[in-house]
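S.K.: Sequence:
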Amino acid sequence: MAPSAATARKRLLLVGGGHAHVLVLEAFARHPEPGLTITLVSRDRLTPYSGMLPGHLAGTYTRDAIHIDLERLARAAGARLVLDEAVGFDRVAQRVHLKGGEELSYDILSIDIGIAPDLSGIAGAAEHALAVKPIGSLLEKWDRLFESALAPNGPRRFAIVGGGAAGICLAFAVAAFVGDRVSGAIRVSLIGASEAPGINSGMRRRIARALKDRGIAVHAEDAAVRIDQDAVTLASGRRVPADAVLVSTHAAPPPVLATTDWAKDEGGFLAVGPTLQILNDEAVFAAGDCATMNAHPHPKAGVFAVRQGPVLARNLRRAVRGEALESYIPQRDHLLLIATGDGRAIGGRGRFLAFEGRLAWRLKDFIDRRFMRRFA
1 MAPSAATARK RLLLVGGGHA HVLVLEAFAR HPEPGLTITL VSRDRLTPYS
51 GMLPGHLAGT YTRDAIHIDL ERLARAAGAR LVLDEAVGFD RVAQRVHLKG
101 GEELSYDILS IDIGIAPDLS GIAGAAEHAL AVKPIGSLLE KWDRLFESAL
151 APNGPRRFAI VGGGAAGICL AFAVAAFVGD RVSGAIRVSL IGASEAPGIN
201 SGMRRRIARA LKDRGIAVHA EDAAVRIDQD AVTLASGRRV PADAVLVSTH
251 AAPPPVLATT DWAKDEGGFL AVGPTLQILN DEAVFAAGDC ATMNAHPHPK
301 AGVFAVRQGP VLARNLRRAV RGEALESYIP QRDHLLLIAT GDGRAIGGRG
351 RFLAFEGRLA WRLKDFIDRR FMRRFA
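Residue numbers (full-length UniProt numbering): 1 to 376.
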């Protein structure tokens, strides 16, 4: 049903260029909403797709191949792109204050600004480690790090702190990229591998075997407590030699959220209900890593933002029209594919399904490339 003139004259403001908002823009590009004004605020013109990050770090994909052009996507959706970032929100006046000084008004607001690194839980991490998120910042530092690794006296000992799926993927990627390009022995260590939600026992066995085959040292039951220039100190007192350290744990909400009185969870992330509206403000939606569904908590991972995107798009359209909203209920089990950096992958779903091999890698590559083709 076409919206009435009264409901069509609305301003939709999207703050952040995360995965969910990319899918919102795609939806409005395919089916424009007459009379609706859309504005996207993003610090960067290009936004990386997290599913292809390990492949890029392993040297499989170019930087261009893993980025979505927000300017082109916004243009297709008839949206205005503002290259800036939010530094304040005024709920009463329904305005967003930008770092550059501009103020933007909205009728409907959606927030998808990801997470911020929090290295405060590990002594020395802020000085001697790279945070994996936000991805854009990591990529800038990654290039410099591995340019130095190619030098004769460059870093040869790498440590990945955080043994979830992200940390495991990074360990494989580092071993593949550096090992294939640097002469002489390298050492890659994975710290905290016992913390891997969503990975079933069959996958764990396959991952453990693949890590061993790649020569990656695993410190599964130990946690990093200090990072120095040449080593990571573990809770057990053991020191793991490391010239370069990447940390994929300890994410925090973006600092700007602390300035608001919107509902939040215990960690400071925006608390949303099944419609993806913030619990105490029906004019504001949130998705991706910056938001938490209290009724259905899940890890901070791009796969969930991708699944939220279509529901968010439909609900934003329904909110503009004044229609009833639908509920987003995340799947309890989802397909997980971990590339091992050698043309193979390990996959699984639920409690029992686990598989590995070249076909698993082809499946992951197909899924990721198909997603990116939607925005080409």
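Careful: at least some of the hints might be erroneous.
Ranges of calculated distance between the beta carbons of each label pair, as one might list FRET restraints [claimed, not checked]:
1) Arg-75 x Arg-239: 20 to 28 angstroms
2) Pro-330 x Arg-80: 29 to 37 angstroms
3) Arg-75 x Gly-267: 33 to 41 angstroms
4) Leu-359 x Ser-148: 14 to 22 angstroms
Within a straight-line C-alpha distance of at most 35 angstroms, the following computed DSBU-like cross-link-like pairs (lysine-lysine) qualify [claimed, not checked]:
5) Lys-10 x Lys-99
6) Lys-212 x Lys-264
7) Lys-99 x Lys-212
8) Lys-141 x Lys-10
9) Lys-264 x Lys-10
10) Lys-212 x Lys-141
Since the hints were made in silico from the structure, they are not lab data.
All C-beta atoms in this analysis are idealised placements derived from N, C-alpha and C, irrespective of residue type, glycine included.
S.K.: The structure should be examined with respect to each hint, and the outcome stated for every one.
M.R.: These are the hints, each one checked on the structure:
1. Arg-75 x Arg-239: 20 to 28 angstroms: The hinted range 20 to 28 angstroms is violated for Arg-75 and Arg-239, with Cβ atoms some 53 angstroms apart.
2. Pro-330 x Arg-80: 29 to 37 angstroms: holds, 31 angstroms
3. Arg-75 x Gly-267: 33 to 41 angstroms: holds, 36 angstroms
4. Leu-359 x Ser-148: 14 to 22 angstroms: Since Leu-359 and Ser-148 have Cβ atoms about 36 angstroms apart, the given range 14 to 22 angstroms is violated.
5. Lys-10 x Lys-99: holds, 24 angstroms
6. Lys-212 x Lys-264: With Cα atoms ~41 angstroms apart, Lys-212 and Lys-264 exceed 35 angstroms; violated.
7. Lys-99 x Lys-212: With Cα atoms ~47 angstroms apart, Lys-99 and Lys-212 exceed 35 angstroms; violated.
8. Lys-141 x Lys-10: The hint is violated at about 41 angstroms.
9. Lys-264 x Lys-10: holds, 27 angstroms
10. Lys-212 x Lys-141: Answer holds: Lys-212 to Lys-141 is near 28 angstroms, not above 35 angstroms.
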